[in-house]
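Model the full assembly from the supplied sequences, consistent with the hints where possible.
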Amino acid sequence: MKLWTEKHSWHKKDAHLKAGNLDRNKIKKIAVIRHAAFGDMLLTRPMLITLKEAFPNAELTLSIASNYKGGIPNDLIDKVHVMKGNEKKYGLRESIVSAKELGYQDILFNVTSSSRSYWVTKMNPAALKIGYMQRGIHRLLYDIAIPRANYRFESEALLEQVNILGVKNDWPLRFDYPELERTYAKPYIIYFATASEPSKCWPFEKMAKLIKHACQQFPDRDHILLAGLADWEKETAQTISRDVGSHDNFKYINAGKDDFSLVAHADALVVNDTGLRNLGIACYTPTVCFFPVAHNAFRYQPHFGNHQIVMSDDSGPASVEKAQNALHAILN
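Under my numbering, the residue at position 133 of the sequence shown is numbered 1165, and the numbers go up by one with no gaps.
Just so you know, the hints here were simulated from the structure itself, not pulled from any lab data.
Ideal Cβ positions, reconstructed from N, Cα and C, are used throughout, including at glycine.
Heads up, some of the hints might be wrong.
Stated by the list, open to error - Using 35 Å as the maximum straight-line C-alpha spacing, the simulated DSBU-like pairs for lysine-lysine come out as follows:
{"hint": "1", "residue 1": "K1101", "residue 2": "K1061"}
{"hint": "2", "residue 1": "K1084", "residue 2": "K1050"}
{"hint": "3", "residue 1": "K1354", "residue 2": "K1283"}
{"hint": "4", "residue 1": "K1045", "residue 2": "K1200"}
{"hint": "5", "residue 1": "K1120", "residue 2": "K1034"}
{"hint": "6", "residue 1": "K1200", "residue 2": "K1218"}
{"hint": "7", "residue 1": "K1111", "residue 2": "K1058"}
{"hint": "8", "residue 1": "K1121", "residue 2": "K1050"}
{"hint": "9", "residue 1": "K1238", "residue 2": "K1120"}
{"hint": "10", "residue 1": "K1050", "residue 2": "K1061"}
{"hint": "11", "residue 1": "K1121", "residue 2": "K1058"}
{"hint": "12", "residue 1": "K1039", "residue 2": "K1120"}
{"hint": "13", "residue 1": "K1058", "residue 2": "K1120"}
{"hint": "14", "residue 1": "K1034", "residue 2": "K1060"}
{"hint": "15", "residue 1": "K1154", "residue 2": "K1060"}
{"hint": "16", "residue 1": "K1238", "residue 2": "K1101"}
Unchecked claim - Have a look at the derived ranges for each label pair, beta carbon to beta carbon:
{"hint": "17", "residue 1": "V1112", "residue 2": "K1266", "range": "28 to 34 Å"}
{"hint": "18", "residue 1": "K1084", "residue 2": "Y1284", "range": "39 to 45 Å"}
{"hint": "19", "residue 1": "S1147", "residue 2": "S1231", "range": "22 to 28 Å"}
{"hint": "20", "residue 1": "T1215", "residue 2": "S1278", "range": "21 to 27 Å"}
{"hint": "21", "residue 1": "N1286", "residue 2": "K1218", "range": "17 to 23 Å"}
{"hint": "22", "residue 1": "E1267", "residue 2": "G1198", "range": "51 to 57 Å"}
{"hint": "23", "residue 1": "K1039", "residue 2": "D1346", "range": "21 to 27 Å"}
{"hint": "24", "residue 1": "Y1183", "residue 2": "K1058", "range": "52 to 58 Å"}
{"hint": "25", "residue 1": "M1343", "residue 2": "G1052", "range": "30 to 36 Å"}
{"hint": "26", "residue 1": "G1102", "residue 2": "R1125", "range": "23 to 29 Å"}
{"hint": "27", "residue 1": "G1052", "residue 2": "E1091", "range": "18 to 24 Å"}
This is the structure:
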């Protein structure tokens, strides 16, 4: 195999020789280290699809952290390696043993760049190790490392590690998320007003105004406010529901087993930066997503499909009018 290096990347002196000794058709074991939560795991799917198709004879292993088990793409991988996470206090010996369980790989990709992922990279042999450049650490871990593209969509940035090997990926990106049965008959829009913490949320009173406007402007659709699981999320959704008021096409639903289906078949998903939004992207559902001013929204802005980002600015959270324009844009 040939390495497609460029002047901003880094590689060991023998990296090209190591790659040249690998026959793409004879590669048997590939691992991807992705210690990440549900939403980020979904964005890994295009990379895994590309690897499976480029190396059809290889066993594909995904290394995860034990505290992040949501969204594991079992349909795209052959094995899962579990590194001890931080859901509880593990001893050093336990962590080392779990890291070493990955074993030998022909090619190892680290797309996580965390201390745990470095352990896994260092403690398992591989013919070729690929990762991101990180404060000199990459010189101790990898055969080749590249800068992380923080202003490109996350899925595209991950695929750059595969592109190093001269492997092209499909465009638009493919997620191939398993088909979900439709559970709601009428056309509808989903609104999810909360996130991992209140500071990451678009103001709730603005969300209520947006929903009220949408109920009137799009009367042929139902407008479904989906409540989160935490108590504060349910209280927030109830407050928004009261502010929206009574509309024949407005509904309030608590989170449940049909959430994924609702997102997959919605005409649009209006949401903060959460894993649910990444599910919408993976299911090709049009999205409107709100980002706080301090957040790098460009890393989460797909350059394909029908998606709008609504960013705060120096004056504060985005206006309701800005959100209305984004919703009209994806529906029209």
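Quick rundown of the hints versus the structure:
The hinted pair formed by K1101 and K1061 meets the criterion: a straight-line CA distance of about 22 Å does not exceed 35 Å. Restraint check for K1084 and K1050: satisfied, since their Cα atoms lie roughly 21 Å apart, inside the 35 Å limit. Only pairs whose Cα atoms come within 35 Å are accepted, and K1354 paired with K1283 is accepted, the gap being roughly 24 Å. With a C-alpha separation of about 25 Å, the suggested pairing of K1045 with K1200 holds against the 35 Å cut-off.
In summary, the hint linking K1120 to K1034 is not supported, as the alpha carbons are separated by about 43 Å, beyond the 35 Å threshold. Only pairs whose Cα atoms come within 35 Å are accepted, and K1200 paired with K1218 is rejected, the gap being roughly 39 Å. For the proposed pair K1111 and K1058, the alpha carbon gap of about 19 Å is at most 35 Å, so the pair holds. Note on K1121 and K1050: the hinted pairing is violated, with a Cα-Cα distance of about 38 Å set against a maximum of 35 Å.
At most 35 Å may separate the alpha-carbon atoms for a hinted pair to count; K1238 and K1120 exceed this at roughly 38 Å. A C-alpha spacing of about 15 Å is found between K1050 and K1061, which places the hinted pair at or below 35 Å, so the restraint holds. For the hint linking K1121 to K1058, the alpha-carbon distance of about 40 Å lies beyond 35 Å, and the restraint is violated. This hinted pair does not check out: K1039 and K1120 have alpha carbons roughly 42 Å apart, beyond 35 Å.
Under the criterion of a C-alpha separation no larger than 35 Å, the hint pairing K1058 with K1120 is inconsistent with the structure, at around 40 Å. For the hint linking K1034 to K1060, the alpha-carbon distance of about 18 Å falls within 35 Å, and the restraint holds. For the proposed pair K1154 and K1060, the alpha carbon gap of about 20 Å is at most 35 Å, so the pair holds. Restraint check: the Cα-Cα separation between K1238 and K1101 comes to about 33 Å, which is no more than 35 Å; the hinted pair holds.
The hint said 28 to 34 Å for the Cβ distance between V1112 and K1266, and at roughly 33 Å that hint holds. At about 41 Å, the beta-carbon gap between K1084 and Y1284 stays in the expected band of 39 to 45 Å. Look at S1147 against S1231: about 25 Å separates their beta carbons, and that is inside 22 to 28 Å. About 24 Å separates the C-beta atoms of T1215 and S1278, a value consistent with the hinted range of 21 to 27 Å.
Between N1286 and K1218 the beta carbon distance is about 19 Å. The supplied range of 17 to 23 Å therefore holds. A hinted range of 51 to 57 Å holds for the C-beta pair E1267 and G1198, which are about 53 Å apart. Take K1039 and D1346: their Cβ atoms lie about 36 Å apart, and the range 21 to 27 Å is violated. Distance hint check: the CB atoms of Y1183 and K1058 are about 37 Å apart, inconsistent with the given range 52 to 58 Å.
The beta-carbon spacing between M1343 and G1052, approximately 45 Å, falls outside the hinted interval of 30 to 36 Å. In this structure, G1102 and R1125 meet the distance hint of 23 to 29 Å, their C-beta atoms being roughly 27 Å apart. Range check, G1052 to E1091: Cβ separation about 22 Å, and the 18 to 24 Å hint holds.
Violated hints, in rising order: 5, 6, 8, 9, 11, 12, 13, 23, 24, 25; the structure is consistent with all others.
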